[in-house]
Amino acid sequence: MSLLEGVFKAFSLILTLDPNLIRIVLLSLQVSLLAVVFATLAGVPLGAYLGLKPPERTRFVSKLLYTLMGLPPVVAGLVIYLLISRMGPLGVLGLLYTPTAMIMAQFALAVPIIAALTMIGIRSRGKEVQETARTLGADRILIAWTVVRESRFAIFGAVVTGLGRVIAEVGAVMIVGGNIEGHTRVMTTAIVLETGKGNFELALGLGLILLLISFAINSLLYYFQGGGKDIVR
Amino acid sequence: MSGKEIILEVKNLSKVYEKEVLHIDQLSIRRGRIYGIIGPSGAGKSTLLRLVNMLEPPTGGEVYFQGRPISINVNGRADAVRREMTLVFQKPLLFGTSVEENVAFGLKARRFAREEIRERVDILLGKVGLREFARRHAATLSGGEAQRVALARAVAFEPALLLLDEPTANLDPSNVELIERLIMDLNRETAMTIIIVTHNIFQARRIAQEVIFMHEGRIIEAGETEKVFTSPEDPRTRAFVEGRMVY
Chain A
1 MSLLEGVFKA FSLILTLDPN LIRIVLLSLQ VSLLAVVFAT LAGVPLGAYL GLKPPERTRF
61 VSKLLYTLMG LPPVVAGLVI YLLISRMGPL GVLGLLYTPT AMIMAQFALA VPIIAALTMI
121 GIRSRGKEVQ ETARTLGADR ILIAWTVVRE SRFAIFGAVV TGLGRVIAEV GAVMIVGGNI
181 EGHTRVMTTA IVLETGKGNF ELALGLGLIL LLISFAINSL LYYFQGGGKD IVR
Chain B
1001 MSGKEIILEV KNLSKVYEKE VLHIDQLSIR RGRIYGIIGP SGAGKSTLLR LVNMLEPPTG
1061 GEVYFQGRPI SINVNGRADA VRREMTLVFQ KPLLFGTSVE ENVAFGLKAR RFAREEIRER
1121 VDILLGKVGL REFARRHAAT LSGGEAQRVA LARAVAFEPA LLLLDEPTAN LDPSNVELIE
1181 RLIMDLNRET AMTIIIVTHN IFQARRIAQE VIFMHEGRII EAGETEKVFT SPEDPRTRAF
1241 VEGRMVY
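Chains A and B, in that order, give the protein sequences. Using this note's numbering, the letters of the first sequence correspond one by one to residues 1 to 233. Using this note's numbering, the letters of the second sequence correspond one by one to residues 1001 to 1247.
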């Protein structure tokens, strides 16, 4: 089968809303979006806290976060696997090869990214915002809220970057999800499997959808990096 | 001077970073007056304002506001003190929202009623000549307009003490004149105590009733503006007010 033929068949799968393909796409979105929501809840407060501390007092944590930003997905998957496998400390919960396990693995990948990028964003302007709010009589809660609000574009950018990272990864979800059809099969693991089987049209179809999602994510990121404006306008 | 006349008092105040940048044995600020703090760069003028506004802790000494030490933070006292004074920076930061939301910030922090916030914001924007800019995004303002909004925001809640750190540096003459007039009107109409740090000795002479000359972290001379300018006691003050001090 030529590449052109494969692309044509892939488009027909997308346009006819092939149930198998739709199921895989929906599960991918569900897993990655939930992982990013939880990672945002943990990463943004952590990043904000670190961003408001003097850099010399957060040197070690910052280095750790930067290191974890580049954490290989297979390593994240392995750690989560060891935690939730039958012999692991969370083995009794029976989470291995479930979408929950995949969410946990992607959460572990997204938290350092969201926390570190939030920290960088807040550090660039946070102290100034904090001091201004304080001189105007804001209490701690209002100061914290104002700092987060004023750094919202950087924070949204961090979240979108986290989403971009997890939705495209394959190693972690393969290890803890097991790529079980109809249960834990997501776009990236399906592409690997279908390519191996020679079923290129489905792999290409999923690849095209993944590219489209990636384009949408990067468009959002581009927007947030421009401070809420399209920077080429 | 009676205790009630004094709004702010500084005793043995010092700040050390890598070396000592500020050391003030004693300073008293009388209620309802405009003070100009002048001196060359690195004299400790801005550091003094930051310590008074509790943005940084002093290395030693104490600041007394309305007769009570500000370093004692019991039952949220630091917040309470901070709510009675405010500081406008040389380069003010306006929040990424509308002009009126910026002016309303301190009022909302103090939980003023919505109607009163609306009224005060409207009056103040009128005073700074920006009423028609109320709905505009703060990021679209020029430097002079932003400084006027920052001043309106600072005085909206009628602080007892207004600290101004070089509020007209880098502004065009018309904005300088407007801001100076606002400062003097505020002092006359509300008896607000104002301390303005300025490089500009002419500005200090125009608007301040008393002048404090600082040099290398210390107060060299303080007194009635005309006296300090016409018959300074210290040769360093004389050199500075006559424009002979190179810095």
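If you're looking for bench data, these hints aren't it; they were derived computationally from the structure. Worth double-checking, as some hints may not be accurate.
[Said to hold, decoys possible] Label pairs and their calculated CB-CB ranges:
1) B/Q1209 with A/S219: 56 to 64 Å
2) B/E1115 with A/E56: 44 to 52 Å
3) A/I141 with B/P1057: 20 to 28 Å
4) A/E56 with B/G1223: 38 to 46 Å
5) B/G1060 with A/R57: 51 to 59 Å
6) B/A1239 with A/G70: 53 to 61 Å
7) B/P1069 with A/V74: 53 to 61 Å
8) B/I1072 with A/K63: 33 to 41 Å
9) B/N1170 with A/R57: 27 to 35 Å
10) A/R149 with B/G1032: 52 to 60 Å
11) B/G1032 with A/T67: 38 to 46 Å
12) A/H183 with B/D1079: 39 to 47 Å
13) B/R1244 with A/R57: 51 to 59 Å
14) B/S1142 with A/R149: 17 to 25 Å
Please read all numbers here as calculations on a predicted model, not as lab measurements. C-beta atoms are modelled at their ideal positions from N, C-alpha and C, and glycine is treated no differently.
For the pair B/S1142 and A/R149, does the Cβ-Cβ distance stay inside 17 to 25 Å? Holds, since B/S1142 and A/R149 (Cβ atoms, about 24 Å apart) stay within the stated range.
Between B/N1170 and A/R57, does the beta-carbon spacing fit 27 to 35 Å? holds, 33 Å
Cβ distance range 56 to 64 Å for B/Q1209 and A/S219, holds or violated: holds, 58 Å
CB-CB spacing for B/P1057 and A/I141 relative to the 20 to 28 Å hint: holds, 22 Å
Falls inside 51 to 59 Å, the C-beta gap from B/G1060 to A/R57? violated, 23 Å
Given a hinted range of 52 to 60 Å, is it respected by the beta-carbon distance of A/R149 and B/G1032? violated, 36 Å
Within 33 to 41 Å or not, the Cβ separation of B/I1072 and A/K63? Given a distance of about 38 Å, which is inside 33 to 41 Å, the answer is holds.
Pairwise beta carbon distance, B/A1239 to A/G70, judged against the given window 53 to 61 Å: holds, 58 Å
Can you tell me whether the CB distance of A/E56 to B/G1223 sits inside 38 to 46 Å? Hint holds: Cβ distance 42 Å, inside 38 to 46 Å.
Take the C-beta atom of B/R1244 and the C-beta atom of A/R57, compute their distance, and say whether it sits inside 51 to 59 Å. Since B/R1244 and A/R57 have Cβ atoms about 44 Å apart, the given range 51 to 59 Å is violated.
Taking 38 to 46 Å as the hint, is the beta-carbon distance of B/G1032 and A/T67 inside that range? For B/G1032 and A/T67 the Cβ distance comes to about 58 Å; the hint is violated.
Status of the given 44 to 52 Å range, CB of A/E56 versus CB of B/E1115: holds, 47 Å
The structure shown violates the earlier hints numbered 5, 10, 11, 12 and 13.
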